[in-house]
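Number of protein chains: 4
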Amino acid sequence: MIIVMKPNAPIEERNKIIAGLEAKGFKIDLSTGNQAAILGVVGDTSTLNPHDIMVNDWIEKVLRVQEPFKRANRAFHPDDSVIDVGGVKIGGRQMQVIAGPCSVETREQIIGVAKSVKMAGAHLMRGGAFKPRTSPYSFQGMGMPGLELLKEARAETGLPIVTEIMSADVLDKFVEDVDLIQVGARNMQNYSLLKELGRTNKPILLKRGLAATVQEWIMSAEYIMAEGNTNVILCERGIRTYETYTRNTLDLSAVCAAKKLSHLPVIVDPSHAAGLWWMVPALAKAAVAVGADGLIIEVHNDPEKALCDGAQSLKPERFAELMGELKGIARIIGRDL
Amino acid sequence: MIIVMKPNAPIEERNKIIAGLEAKGFKIDLSTGNQAAILGVVGDTSTLNPHDIMVNDWIEKVLRVQEPFKRANRAFHPDDSVIDVGGVKIGGRQMQVIAGPCSVETREQIIGVAKSVKMAGAHLMRGGAFKPRTSPYSFQGMGMPGLELLKEARAETGLPIVTEIMSADVLDKFVEDVDLIQVGARNMQNYSLLKELGRTNKPILLKRGLAATVQEWIMSAEYIMAEGNTNVILCERGIRTYETYTRNTLDLSAVCAAKKLSHLPVIVDPSHAAGLWWMVPALAKAAVAVGADGLIIEVHNDPEKALCDGAQSLKPERFAELMGELKGIARIIGRDL
Amino acid sequence: MIIVMKPNAPIEERNKIIAGLEAKGFKIDLSTGNQAAILGVVGDTSTLNPHDIMVNDWIEKVLRVQEPFKRANRAFHPDDSVIDVGGVKIGGRQMQVIAGPCSVETREQIIGVAKSVKMAGAHLMRGGAFKPRTSPYSFQGMGMPGLELLKEARAETGLPIVTEIMSADVLDKFVEDVDLIQVGARNMQNYSLLKELGRTNKPILLKRGLAATVQEWIMSAEYIMAEGNTNVILCERGIRTYETYTRNTLDLSAVCAAKKLSHLPVIVDPSHAAGLWWMVPALAKAAVAVGADGLIIEVHNDPEKALCDGAQSLKPERFAELMGELKGIARIIGRDL
Amino acid sequence: MIIVMKPNAPIEERNKIIAGLEAKGFKIDLSTGNQAAILGVVGDTSTLNPHDIMVNDWIEKVLRVQEPFKRANRAFHPDDSVIDVGGVKIGGRQMQVIAGPCSVETREQIIGVAKSVKMAGAHLMRGGAFKPRTSPYSFQGMGMPGLELLKEARAETGLPIVTEIMSADVLDKFVEDVDLIQVGARNMQNYSLLKELGRTNKPILLKRGLAATVQEWIMSAEYIMAEGNTNVILCERGIRTYETYTRNTLDLSAVCAAKKLSHLPVIVDPSHAAGLWWMVPALAKAAVAVGADGLIIEVHNDPEKALCDGAQSLKPERFAELMGELKGIARIIGRDL
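Residue numbers (our numbering), protein chains in the order written: chain A, 1 to 337; chain B, 1 to 337; chain C, 1 to 337; chain D, 1 to 337.
The set of hints was computed from the structure by calculation and includes no laboratory data.
Nothing here was measured: the structure is a model prediction, and the numbers come from that model.
Each hint should be verified, as a subset may be incorrect.
Claimed, not checked - For lysine-lysine, the following BS3-like pairs were computed, each having C-alpha atoms within a straight-line distance of at most 25 Å:
hint, chain 1, residue 1, chain 2, residue 2
1, D, K24, C, K305
2, D, K61, A, K70
3, C, K315, D, K115
4, A, K260, D, K61
Let's have the full structure, built from the sequences with the hints guiding it.
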């Protein structure tokens, strides 16, 4: 971390800052040239918040050089992390596709979709039992019975299951039953929940918050990892911008950024990003081309009857067709799918 | 809600949609003119999600006419709600000021600040015991002992206390001890927590999420109210934009919008919005001038030693001086403070 | 266009609005059901501005059904437009790649890069003679002599040239010398310039404004087309968001949206979007996979010596390698490159 | 400017960078401590672009310490600039109010409004003759005849006139006839136009671009000032965010920021920001309370008949009433109005 003093800062103020940092165990490289004094702070600066340091009015700017995350940092772990989710490896050469409906609705629906997506080549299945809806009057998901149906679908197809957790009070059940526990965009900075998940050893799918920077997103992964659980997979799902044509704006450059900064796998959710089913295939192809480690795609056997998000769901036939194209693109960029 | 069919939509598709909505108990006003057919949906459309309806490809657009919230809706409750917080009434002619440090740090600190802000005319005091920090390595707040110190400060000064809840597992204690329970921006859509708060009758201070629209913010209030607790106070605290000079962009037009759409009180937090102490007085004055029902301002007796957010804290003397100006502006616009 | 009256709107107000619109030549489909009255406005509503109509306080909402653009509208021109740029056809099955340096700097530089990109398979060449820089103290481009060097490079390689216009006072020269005239993001709503360009018949490359919606972007194309020039090519180049890791956020869903709404070709500029050379290849591949009609990529033979934007330029070898991968992806999605 | 090298950067690379900067006349303070080498660049760094410097891959970060603007910089001009506009001084203790319709429509309209706003206490009058409209099919303003009507209104009332320029080809006429030439948000980075305006000595009202940072906005002022014209007044008019309830989001913290960074006057346009007439008075009061140097407010004698932006115009009576409240708030904060 670098601290730039104001040109006219009194030496006592500078010394006060140096003393404060040395008291916390940091070493200071002081540079006083023709310009303002510059303090290079040496040590583990992840505990320091530039915003808090700015409190001294004689400081002009504070620049973080090292990223504020450690366990998620590629600098300290150059190789890609590969996370095992019920036998499916996410983060390696093989790209993995998660598919399924937004919500679990009935046994027929979830088992039917599970079979369809498996046949089309999906590697894991998704389905929401607990649903975060903007309105308290919208369908909130089946809850625990939905989880039971997901288990039945897994038993039928062998596909590991991915579903969202909204509250730590069902964590024991999720740890027992779910293969990949999803944290939704709205809970990306629910730190109490992240800490609890960090105390398990379950794979966690951490969606990027609605308006989270890449750094904040990785810091949320760091919350989980700091508690001991390093099985974190990042998921880009579109960010909030001024554009209203799509529900969110899919940020594929974030995939490049997150993979540069961190060793964690990064997958993409084109369905929630666009909110428009007809755009999903094009965005899914782009996500593979950009180098994501996988996709999570909404597929529903009867979108018009879906209890939620039907408008962004593909029908199984369209999904199967898409899988073929995705395989082709993966091959061109030297990956498998 | 109004559904506009595509110009060439088959009559069967239109009828299918009408039948589906009638089955849910809605009445349909059908208009077929020279243009496309238009369906006016009559009934309580708060249960309908326009995005979900768009699944039918023959629909051109869906327009919500009624707002999706009910209990928070000014249309059904034209008078301003006034919420009693430990005897202090928020939402009436009298504007109320909440002041105090970002975090509770020591007995001396919190009691000292409490006395200062009381003397300066503050009506309630704030102080964080549980702190949502971007980094797991930053100070996370004192936790329960911090809450005990807040109670001591209340005993000394008589000021009701406001503090943030991060997890429902401390809810019973908060209900017992806290006068106004704050939900932070990062938990604005933590629906599990909102529902739990809705089952109490405690006043809740609901901060606007980092990138929440005014409608989403009120919908989060609706989550609490739908469970029975109507004691909700909204708090604008700046939104995320592309501008980097300030930490967030204070959106004072949101105060006007929220008060137009809802009967709930709306207060403003200029400290978190700007993140720069020297900007707080100007923004506080603007917030009073725009017609907010109160303010929440960070005050610290020694900002440079603050464990968090010192850079946005006012010293007690500056706060006292500001209170005088705020009173003057309140008078001009026909309010008291 | 649909106008929804407030539930309690007096009939005279409604009639006043109807009379006003009929006086402008529109027909009105009036629907008065159990709910509020709804006015369907039939006619060419592209001349109406919903914001202006909202002036009547008895109107609840105004909904545009038809898009506000006509000549650029795919609804009235279902087939893809193909624009001929110096013999290179943009908008058909063949994807086209424009490559070259940010600025023209010297004869050697521009001719050298032109030869390199031609050898690598580029179809057109770019190079800025007039540069819009944030600072008046930064290099502003070579101006007219730069244009002469571009012409020399064209003479040497046969590649059509693409360069940016910043002011209509050089328009005659541009019309004579340039194959594809670029309008930069900052001038996307410089309507005086757009109208002047609309009076030529030169192909125009219209970059999306920094914070323009897809609709506003197409409306700017409409400004050019309304004057008679239908040779417009759209270019997505990243939008402004809160994310700071990349210079802008590349919005590939905008390619899908623009091609759905309009028949005009859409190309992508991954170099300006990211602002980071190492991210350009991944984003270029994604842009091809998503179905763009072409790319515009910065290539410089010595990025470190570049007078502007070296940080986002590829070296010729890296560009040549990328072209191979792009061809492979194009083939998978049924296009040529 | 501070350049931080990567920890493992070879000494030759560092030396290459130093040599390059020294060749441009800069002095370098080199600091090599326990951490990475840090280069302090001494000299007029406003000519350097951090983005361009980042081209060397051995550079970790580049931090600008000095702001990139000079003539607009408060550091070199600590006192507030006061600009004389036809005898009205903008930027001093006295706050100034500009009022009038969006567009000039008829002689009766503009003279009528001019008289009304003068009587209510406005100090200057506005009216658009050339209108930048999103659609080429919307009313584009009366053009030159509109300017003539503005002059008549000035002759009748004595109020200086403010109107927007869209193209340099009418500049001579504007210099002759207009008291304060407005550059609209869409042309804030039309550098050709800014340079031309910089070669006059007319007062310029520079609106903040739709998605411009405070720094970019001041850099556009710098473009005008670098050519010699220091009579620039900044105008905050709302920025583009994800919020859709208001047309734009008024950013009052930008007033504080711009006045801290620059000595130029800053006024506020609450009408274009909100786009909703009923919100204008509250926002105008907030703008005065925050310390703006003036306001520009849309007033129309018959908003429903306005050819543009009637929905955000106040009627003269409401404007007169507002002026009284504004005076009261100005007094409280130690200003006049």
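So, going through the hints one by one against the coordinates:
no. : hint                : result
1   : K24(D) <-> K305(C)  : holds, 13 Å
2   : K61(D) <-> K70(A)   : holds, 19 Å
3   : K315(C) <-> K115(D) : violated, 64 Å
4   : K260(A) <-> K61(D)  : holds, 15 Å
When each numbered hint is compared with the structure, a violation occurs for hint 3 only.
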